[in-house]
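A.B. asks: Same order as they appear, the protein sequences are chains X and F. Okay, so the first sequence: first residue is 1 according to my numbering, each after it adds one. Okay, so the second sequence: first residue is 1 according to my numbering, each after it adds one.
Among the clues, some could well be false.
[To be verified] Simulated pairs of lysine-lysine, DSS-like, Cα-Cα distance not exceeding 27 Å: (1) 120/X - 19/F; (2) 19/F - 155/X; (3) 28/F - 120/X; (4) 4/X - 41/F; (5) 19/F - 69/X; (6) 65/F - 41/F; (7) 155/X - 166/X; (8) 166/X - 74/F; (9) 4/X - 69/X; (10) 141/X - 155/X.
[What the hints assert, rightly or not] Covered by chain X, according to a simulated footprint, are these stretches of chain F (three or more residues, beta-carbon under 8 Å): (11) 12 to 18; (12) 22 to 28; (13) 39 to 50.
Simulated from the structure, these hints should not be mistaken for laboratory data. Idealized CB from N, CA, C, for every residue including glycine.
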Amino acid sequence: MVIKTTRFGEVELNSEDVLTFNEGLLGFQDLRQFVLLDDPNDDIFAWLQSCELSSVAFPVLEPEIFGHKYNVNFNRTDLESLKMQANQTPAFLNIITIPDDPTQMTANIKAPIVINIEQKIARQCVLQDNNLAIKEPIFTKLQSRVVQNPQTPIKSQGRQFDMTVKLSDSGKGQIDQGL
Amino acid sequence: MLVLTRKLGESIAIDDHIKIRVVQIKGKQVRLGIEAPKDTKIHREEVYLAIQDQNQQSVQVSSDKVKNISKLLKSE
C-alpha cells in the first residue's frame, strides 16, 4: 500500500508495518493507523506518521535515548486495549515537542506510546505516576549522548526494534511543505 | 450527564468498587475523596488536556527543522 505524507511524499508500506491505535491518540481520536518512519537524512528521530491524514506525524524517541527507564504495571484497561499479557514487555516511544527554539524541546514521558510489537497494536497510555512530566526537557541529555558517542547516530543507540519503514535516500517525490 | 446533589460527607458509588465522597466545601472549592481499586487511573482533567495540547504542538514541526537539530547538538 502507498500512503501520502506531507513531509516525505508518497511512502510505500507493507500492511504489516501498520500500527493500530484502537482509541487513536489524545486530540487525534479519529486516526487509528500509524506507521513508524525512519528518515535517512535525520540522525535522531523516528516519525510516527498517520496513514490517514498526511500532515499528522509526531517526532518520537525511545526513552532509553534520553536516559528514561519505564517500570510500569499496566492496568487491565491498558492490557486489554493492547491485547497484551501482564508479563509481556512492550516497546515504548515518547512524543517529542520541538518549539521554535529547539534547545527547549521536551519529551512527554507521562503519556508514552506503548506498542505490542507482536500484534502491532499501540496505545498512548496516560500513566498514573505523578512524577512523570508531560514536558520533560531533553536537549542537554541528547547533547551528552552526542558527546559520549560522537560517531554513532543517536537513533541507532536505542533498542532498535524492527518496526520502522526506511524512507529512500534519493528524496524521490519528497515534498516538504514546511509545516 | 447525570447530575446528583450531595451534602458534605455524602458519597456516590460508581460501579461496585469506586466511591467518591465530598470531604470539604470551602467557598468555590470542593475537596473530593476517592476510593477505587489500585489499578484505577485517576487524574485531574487538566492532565488529559495538557497531553492533548502537547500532541497538537508536536505535529506542527517540519522535517527540515528536525534534521537541523543533529547539527545543533554537536555545535553547542
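A.B. asks: The structure should be examined with respect to each hint, and the outcome stated for every one.
C.D. replies: Against the structure, the hints come out as follows:
no. : hint          : in the structure
1   : 120/X - 19/F  : 36 Å, violated
2   : 19/F - 155/X  : 46 Å, violated
3   : 28/F - 120/X  : 47 Å, violated
4   : 4/X - 41/F    : 37 Å, violated
5   : 19/F - 69/X   : 33 Å, violated
6   : 65/F - 41/F   : 36 Å, violated
7   : 155/X - 166/X : 13 Å, holds
8   : 166/X - 74/F  : 24 Å, holds
9   : 4/X - 69/X    : 34 Å, violated
10  : 141/X - 155/X : 14 Å, holds
11  : 12 to 18      : violated (count 0)
12  : 22 to 28      : violated (count 0)
13  : 39 to 50      : holds (count 8)
In terms of the numbered hints stated before, the structure departs from hints 1, 2, 3, 4, 5, 6, 9, 11, 12, listed from lowest to highest.
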